[in-house]
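I would like the entire structure built from these sequences, with the hints used as guidance.
So the protein sequences, as listed, match chains A and B. Each number in our numbering comes from the position in the first sequence (counting from 1) with 447 added on. Each number in our numbering comes from the position in the second sequence (counting from 1) with 38 added on.
No wet-lab data here; the hints were simulated from the structure. Predicted model, so just to flag it, every value in this text is computed and none were measured. For glycine and all other residues, C-beta sits at the position ideal for the given N, C-alpha and C. Some hints could be false.
According to the in silico footprint, chain A covers these stretches of chain B (three or more CB under 8 Å from chain A) [stated by the list, open to error]:
hint	region
1	84 to 92
2	98 to 105
3	109 to 117
4	150 to 157
5	175 to 182
In silico negatives: residues of chain A with every beta carbon more than 12 Å from chain B [as the list claims (entries may be wrong)]:
hint	residue
6	Ala476
7	Asp948
8	Pro976
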Amino acid sequence: MNYKRPKADVVIIGLGWSGSTMAEELTRAGLKVVAIERGAWRDTSTSFPTTRDPDELSGSVRKEILQAPVTETYTVRNKVGQTALPMRKYHNLTLGNNVGGAGTHWAGASWRWLPFDHQPYSHVMQRYGAGQLVDGLILQDWGVTYDDLEPFYDRFEKIAGTSGTAGVVNGQRQPGGNPFEGSRTAPYPTPALERSRANVLFAEAATRLGYHPFPVPSAMIGAPYKNALGLNLAPCTYCGYCQLYGCGNWSKSSPNICILPVLMQRPNFTVVTECEVIRINTTPDRKMATGVTFVDSDGNIGEQPADIVITATFTLDNTRLLLLSGISTPYDVASGQGVVGRAFTFQTLSWGFMFFENEYLNPFMNTGALATQIDDFNGDNFDHTGLGFIGGAGIQSLSNQGLPIGMAGLLPQGSPQWGKGWKQAFQKGYQNYAQIQGQGTSFAHREQFLDLDPTYKDRFGQPLLRITFDYNENDRRSGRFIRDKCVEIAREMGATQVGGDSFADRPYSGYTPWDSSHVQGGVVMGEDPRTSVQNRYQQNWDIPNLFVLGASSFPNNAGYNPTVAVGATTLWTATAIKDLYLKNPGPLVRL
Amino acid sequence: MKRRDVIKGGLVLMATSTLASIYKPAYSKTYVGGSGAWRATPPPPLSVVDGSRLVYLTADEARLVGAIFDVLIPADELGMGATEAGCVTFLDHQLAGPYGTAAKDYKLGPVVEGLPQQGPQSIMTPAEIYRKGLAEFEQAVHAKFDKSFTDLSEEQKIAFLKSIESGAIAFDTLKSDQFFVLLLQNVREGYLADPMYGGNRDMVGWKLVGFPGAIYDYRDWIVSKRGKKIDIHPISLLGRA
Ligand SMILES: Cc1cc2nc3c(=O)[nH]c(=O)nc-3n(C[C@H](O)[C@H](O)[C@H](O)COP(=O)(O)OP(=O)(O)OC[C@H]3O[C@@H](n4cnc5c(N)ncnc54)[C@H](O)[C@@H]3O)c2cc1C
Ligand code: SF4
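Next comes the structure, spelled out in C-alpha cells:
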C-alpha cells in the first residue's frame, strides 16, 4: 500500500543529535515537525534500565546497538581504478540505528573546534602561503567563524551538560584548562570528572616536557545538572560500559536524555520510527523540495510532504540521499567539478602504546571520554614552517577500555597469544597497558570523495554509497610527527615497553583496530557554490527549503571529535531558519 | 510480506529472505508528542544458556572443539581450562543464534575477493565455517599423524596448532590461519563473557585479570583506589557463578 501522510511544516530525516536539536528549536517556535527515523524508539529508562547491567559480548563484541551492514553498508576502495567492495561485517564507522542516532552510544568527547578549524584556508594563506599545501589538497573556509558560532557552542553545552575545565573565558586564561581554546563566554556547565591513574601519569609527564595538559571536556555529566531545557542529568559513575552502550544512568549526554523527553511533551512534534527515507522529493524543475518518500517496516511506501526538508542522517547518508535524489551536482573526480561527495575527510590517528611493570591502572573504572590531553600540537597551535604539512592532533591519554574480551590481545610484545603463557601475560598486561591517542586533523583532497556504487545495492535495490579514500601526503606527514610525540610522552610516563603507530602509513581500511568512526564532508557548507553544496546557513544553494545538517557540512576535520561542532552549527542554522527564512522564505545568501 | 516489484519512481523492492526477516512483523510506529504513551519496548529478559545438551555442534565436533580450546586456554594454577569453563557450550549456543548465521552481515553479491584492507568478503556464516573448518582440521591432523587431534600428545597438539596459526599446514578449501583466528576469538569470548552465555564458569576469566564484572558505580574508588589493587569478588548478570 502506498500512502501519504498529512503535510507538515517541516520534515526532519534522522533523529540523532542534529535532528533532535533542530526539532526542539523548530517545535518551540510553533512549527509542526515530523521526524522520520530508520531505527527504533529508545527511551533511557526502558531501554537502558539501571536494574540491568550491560555486558561486553552483546555490546562491544556483537555490537547489537549499531546499524547493521544488512540494513545498509558502504563500499570502499583506496583510489580510482580499484573496484570498491562492500564492508560486509560490522566495521569501524559504528553508526547509530535508533532514535538518538550515534548520540546514544557515542564516546562523548565534547569539543568546541578551534577558530582555526572553521577558517583553515584564510589562516594558512596568511601565515604560510600556498606553498604549505601538498598537491591536490582542498582547503576552504566554512563561511561561518568561531565567533559567529560561540553563542551556539555555549547553548549546545548547556543542553548537553558538558563537563570540563575552561581554558579561556572572555579572553582570560583559566588555570587547568586548555590554553589554546577559542575564547568562551562561560565556563563548562559541569565540572571535569576525576582522572584515571593513566591520565595522571600522562599529565605529570606532559608537564615535565613543557606541554599544557587539561581534562578533555566530555558528555559524562560532572555534577547533578538541570539542562537548558529543564531536564535533570545525573553525575557519571565511571561504569566503563560507555562507548557502544546506552547510559541508563542519565549521565551521558545524548538526545535521549537531553532533548527527547521535552520534545515528547509537544503536540506539534511527531516521530515516525523504523521507516527509511529513500528519496527527497522536489518540484520537477528542482527548485523546491516538496517532502520525502520512505519505506516502512512492512515495505509500504509512504510520502511525507512538507514546506521545509531537513536532512540529519549523518555524513554518509546525507550525501547518499542527495545523490539518490538527484539534488545538486555530483562531484566528478576527473574534472574536479561538481560538489556532492566532494571534500570528504576522515581522521588521522596516531598512537603510543605502552606497558608498565607493576601498575594497577584498574582500567575498568573508565568512561567513553576519560582523557587528559595536550593541544600543543593541534590545529595551528605551533609553527609549521618547514614541516611540510598543516594541522596536527589532540594528543591524549585515553582511559576508555577495561572490558576483558577487548583487552585479551593487548599484551607486551613477544607474549604468547594463547596457552599458559597467554594467561600469565594477560593477567599482567590487563593492569599495565595504557595508550596515548593522537587524534589528528584530516584535510580533503581532490582524490577523496563519495559517489554511488555502480554495482552493489541495498536491500531495496538502491545503489550503496561508495567511499574512495586513502590518506594523503599531508596526513602521512602529520601522522608520523604526532606518533613521535605520543611515543615521547609514553617514555616520559615511565613505561617499560613503548610502541608507536601512524595509521596513515598504511592504506585506509574500515577494519583497522582502534581506528576512528569520524567521517566528514560530502555536503559541505561554504562561500562559493562551485565548491560547496550549501551556504553558510547549511541551506542548499539550489533549493532554498532544503537544509542538510551534521558533519557532512565540514570541509575539513579537526584534531577533535565532531559532535559539539555539529550541535553548534545546527543551532546556528535553526536560528537562521526562525529569524530569517520563515520571515522571508528564499535563499539566505545572494551572490 | 507481499511481493512488490516495481514501485513508484522505478524503485525495485526485492522480496529476498533477508528482507522478509527484517520486515516481519511490522515495527514502524508513530509517536506524537503530548500523547503520553512513548515508552520503548523493554529489552527481552536475560536468560541463562542451557548447557545440558548440544544445540548446533555434533558430539564429535564438540569433543574436537573442546580439545582445541583446552590447548588455547589450558587448565593451570591460574584457573580452569576452556572446556571446564564452559567455552564449548558458549560456542555451541553462539553458533545456533544470530552470530552463527551472520544475521547482521551484508550478503548481497557479487562476492569477489578484494584487497586485505577491504575486509572479509566471504559470505560463509560462522556456523558454516565451523562445520567445514572442523572437518578440514581433522583431515589435516589425520594426514600428518594418522590419528585424531584428541589422541595427540600435548606437545603434538601445541605444535599442530602453531602450524595452523601460521598457515604452514593448509586446509583443503578454507584458510587455516583464518580459522585459527576465529577459534581464538571465540574461546576468549567464552572465557571472558558474562557467565549467562555458557562460559566463564565461576567467573574464572574475570578473576584471572581482576575484572569486577557488572558493577556500575565506581565513584567511591576512582580516587581512593587510583593506582591501587582492588580485591573484589566479581559480579555477573543474573547472579550466576
Ligand atoms: C562509537 C562512536 C563514538 C563516538 N564518539 C564521539 C565522541 O567522543 N565525541 C564526538 O564529538 N563525537 C563522537 N562520535 C560521533 C558522534 O556520534 C556523531 O558526530 C553524532 O552522533 C552525529 O549526530 P547526527 O545526528 O548528525 O547523526 P547520527 O547520530 O548518526 O544520526 C543520524 C540518524 O539518522 C538515521 N538515518 C540514517 N539514514 C536514514 C534514512 N535514510 N532514513 C531515516 N533515518 C535515517 C539513523 O538511524 C540515525 O538515527 C562517535 C561516534 C561513534 C559511532
Ligand atoms: S561511564 Fe558514565 S556516562 Fe558512560 S555509561 Fe557509565 S555512567 Fe554513563
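Status of each hint after checking the structure:
{"no.": "1", "hint": "84 to 92", "in the structure": "violated (count 1)"}
{"no.": "2", "hint": "98 to 105", "in the structure": "violated (count 0)"}
{"no.": "3", "hint": "109 to 117", "in the structure": "holds (count 7)"}
{"no.": "4", "hint": "150 to 157", "in the structure": "holds (count 7)"}
{"no.": "5", "hint": "175 to 182", "in the structure": "violated (count 0)"}
{"no.": "6", "hint": "Ala476", "in the structure": "14 Å, holds"}
{"no.": "7", "hint": "Asp948", "in the structure": "15 Å, holds"}
{"no.": "8", "hint": "Pro976", "in the structure": "27 Å, holds"}
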